[in-house]
Amino acid sequence: MKWDFVLVCDLEMNNIKLDNKRAMFLAQLEMKRFKIKKIQDKKKAFYGISAPPDIFQKYVRLLRNPDKGVEHRNELDQVSVTTRIRIVHFILNKIEINSDNKPEILEDLIKQKVFETAFPLHDLKDGLGKNLKKEWARWRDVFYTQPIAEIRNYFGEKVALYFAWLGWYTIMLLPAALVGSIVFLYGLVHFHSSQISKEICEANTTIMCPLCDQKCPYWQLSDTCTYAKVTHLFDNEGTVFFAMFMALWATVFLELWKRQRAKDVFWWNLYSWDEDEEELALEIINDPDCTPQKYEHSYLHSTLVLLGVAIMIAILIGIAQSIVIYRVVMTVFFTKADSEFIRDRANTVAVLTGAIVHYLTIVIMTKVNRVVAMHLSSLEKPRTFTERENNFTVKVFTFQFFTHFSSLIYVAFFLGRINGRPGNYVRIAGQWRLEECHPSGCITDLFIQMAVIMVLKQTLSNCVEFLTPYFKYKYRTFRDRPKKKDRVHTEEALLDKYKEDWKRNYRLSEVNVFSLFDEFLEMVIQYSFTTIFVAAFPLAPLLALLNNILEIRLDAIKMVRLQRRMVPRKANDIGIWLQVLEGIGVLAVICNGLVIAITSDFIPRLVYKYTYGPCAEGNNTNLDCLTGYINHSLSVFHIQDFEQHTNAFKPQQFQDVVDCRYRDYRNSDDYSFSVQFWHIFAARLAFVILFEHVAVCIKFIAAWFVPDIPQSVKNKDLSAKHAELLDHLSVIDHSIQV
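Each residue of the sequence shown is one higher than the last, beginning at 1 in the UniProt record's numbering.
Don't take each hint at face value.
[As the list claims (entries may be wrong)] Straight-line alpha carbon distances no greater than 20 Å define the calculated EDC-like cross-link-like pairs of lysine to aspartate or glutamate that follow:
1. 263 <-> 279
2. 21 <-> 116
3. 133 <-> 387
4. 716 <-> 274
5. 503 <-> 733
6. 37 <-> 116
7. 130 <-> 141
8. 503 <-> 123
9. 38 <-> 500
10. 21 <-> 135
11. 35 <-> 496
12. 94 <-> 104
13. 130 <-> 500
14. 381 <-> 108
15. 721 <-> 733
16. 258 <-> 582
17. 44 <-> 510
18. 43 <-> 480
19. 35 <-> 480
20. 294 <-> 223
21. 215 <-> 338
22. 570 <-> 275
23. 2 <-> 126
24. 650 <-> 123
25. 336 <-> 213
[Claimed, not checked] Between beta-carbon pairs, the in silico distance windows are:
26. 587 <-> 712: 30 to 38 Å
27. 701 <-> 274: 29 to 37 Å
28. 12 <-> 414: 31 to 39 Å
Note that these hints are calculated values from the structure, not bench results. This one's a predicted model, so the numbers in the text were calculated from it and none came from an experiment. For each residue, glycine too, the CB sits at the ideal point set by N, CA and C.
Please build the complete structure, drawing on both the sequences and the hints.
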């Protein structure tokens with residue numbers, strides 16, 4: 001006999017009240033003619049649950065044999081294993097017992113420890129499970145094609161669509177990674193030949209203003225030669241092209257995925273599947289006298305949810321600002337360090353450690369965000385599980401987006417632009433100066449932040465994700481190994497194959513209804529990093545590609561070998577995640593346009609090249625068109641105008657210095673913004689408008705040019721409907737004649 005579900009309880013909890021509730025729940029199952037088999041093992045009791053065939057026969061007739069295209073169906077009831085598990089899971093979670101003068105369902109009983117857990121069983125010894133274990137869930141098969149049809153038949157459509165989407169995303173990352181690598185190599189080839197880097201490296205006589213108020217020295221611009229060269233790797237002529245390419249790539253990726261999804265669900269006979277109809281059918285099968293839950297909306301609850309979301313976003317932005325304060329304070333601390341290496345690179349070290357602190361806040365706030373999102377979603381009183389999942393998804397992603405990107409947004413668009421100027425700095429608590437950008441731009445700071453977070457998330461997080469269930473399983477297996485004195489009894493117990501199979505499944509790591517949600521969230525956050533600030537980090541698609549090649553097998557091994565079997569769920573798309581991905585695509589166009597216009601020095605260089613440089617007005621010279629750009633981009637400050645509490649350190653060679661330079665476009669007499677500042681400001685604004693309009697037009701054209709659903713799928717669906725109507729017509733004609 002095949003057992004659909006297993007319930008587990010702890011025998012060490014000698015509580016008559018809990019025992020009575022357990023007996024009441026099992027009695028309700030028996031009233032529905034479920035077969036129950038109890039197996040006791042020392043501290044645990046296992047209850048195998050098998051549903052009667054008529055439940056599945058009702059399902060087939062009500063929904064007109066929805067599993068007719070599925071292989072490996074049960075010949076008796078004509079449903080697949082995944083459908084059996086889904087139906088039994090639905091009924092188990094709908095059964096109510098009246099205890100303590102209130103109705104309680106299985107979820108409540110598990111919270112009260114009446115039952116410890118409930119799960120469907122893996123079937124890895126033969127059939128589909130054996131094939132997946134041997135041919136898919138192995139590291140050696142990392143470059144092999146995924147068996148999506150078999151995944152669907154074993155785990156259900158929802159999991160199959162996740163792996164189909166992840167595989168498609170990974171394939172589409174190939175051109176993005178290739179173009180990003182070419183842009184990076186272009187910067188690498190010109191590592192030593194950039195005119196701006198040359199000017200910075202040769203600026204031995206350009207004295208820069210101190211980076212802090214107390215004991216920070218004046219310094220030569222040439223001291224940051226290496227930093228300037230590294231900046232050119234990510235801020236070069238190829239950056240604009242790559243940003244535009246990624247805007248087009250994001251659109252084409254989603255449009256091609258919609259086509260692939262349509263093909264898959266058509267072959268699965270789910271092209272016209274109606275989730276509400278299936279939900280109603282399951283409700284009727286469980287209780288023919290049930291009343292469908294009505295759609296509800298409460299403006300009060302919606303207002304409370306909006307207020308809660310706003311408060312949570314404000315908290316997350318506040319955490320991002322605390323990271324800014326950390327970097328400001330640590331910059332001052334590192335400039336006073338004993339190590340000359342750290343002193344000379346105080347700003348870079350502060351940014352690097354700040355990125356690590358940012359990663360730690362992500363790890364912590366991810367758990368907090370889930371709890372808050374769950375409570376806010378409960379306030380909305382969703383009608384179905386899908387509605388609840390969609391509400392939860394939107395809130396968690398919103399919170400996670402601000403957790404991941406608030407600090408990056410500050411670095412990209414505010415760092416070095418709201419810090420004031422020498423003699424009139426903006427200070428935190430009237431004491432610490434805000435950070436400044438390097439004379440060659442702020443884009444390297446953004447790159448460092450993104451690189452650290454992506455590398456840590458794709459190494460540490462994946463290691464934790466895989467090793468945690470692995471060591472848990474190994475520990476439970478070791479803990480439950482038979483002792484010498486129990487060997488005789490164990491050999492007798494082996495005769496009961498159910499017991500060993502159930503115990504093995506019990507040792508696996510627990511899964512919940514949002515286990516697949518976690519996988520989607522991880523990949524969508526990665527997709528955000530790959531698209532939103534990709535202009536500052538052209539290697540992001542390459543890192544994502546390498547991660548995803550391993551991620552597919554990691555998830556496969558985890559689901560097949562280390563975790564209990566997920567409850568299969570039927571679906572014909574990836575749900576709300578598609579809208580989230582489309583929103584990210586639009587946001588990517590906006591952010592990349594702003595990165596090029598504001599964070600990058602592309603626009604100031606362009607304005608200088610055609611307006612102020614040696615090539616202005618079409619002058620033919622043998623000089624590079626950017627010759628003199630660095631001197632043009634630095635303003636002059638008179639040391640005598642420093643604030644009174646500024647106590648800068650003057651090295652011996654700078655004793656006669658009366659002026660220092662800083663990154664800005666200001667007049668040297670009254671420190672007001674110069675004409676060049678307003679010229680560049682207008683050019684930046686014009687570029688943002690032009691870039692975003694062009695990119696959005698390209699996205700719309702690409703979306704129109706690539707239909708969501710292939711014509712072949714539409715034609716086959718049309719033919720199927722035509723044939724079905726003809727069959728109905730023949731039945732009608734026959735009944736009339738009779």
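Which of the listed hints are broken here? Of the numbered hints, 1, 3, 5, 10, 19, 20, 24, 28 do not hold.
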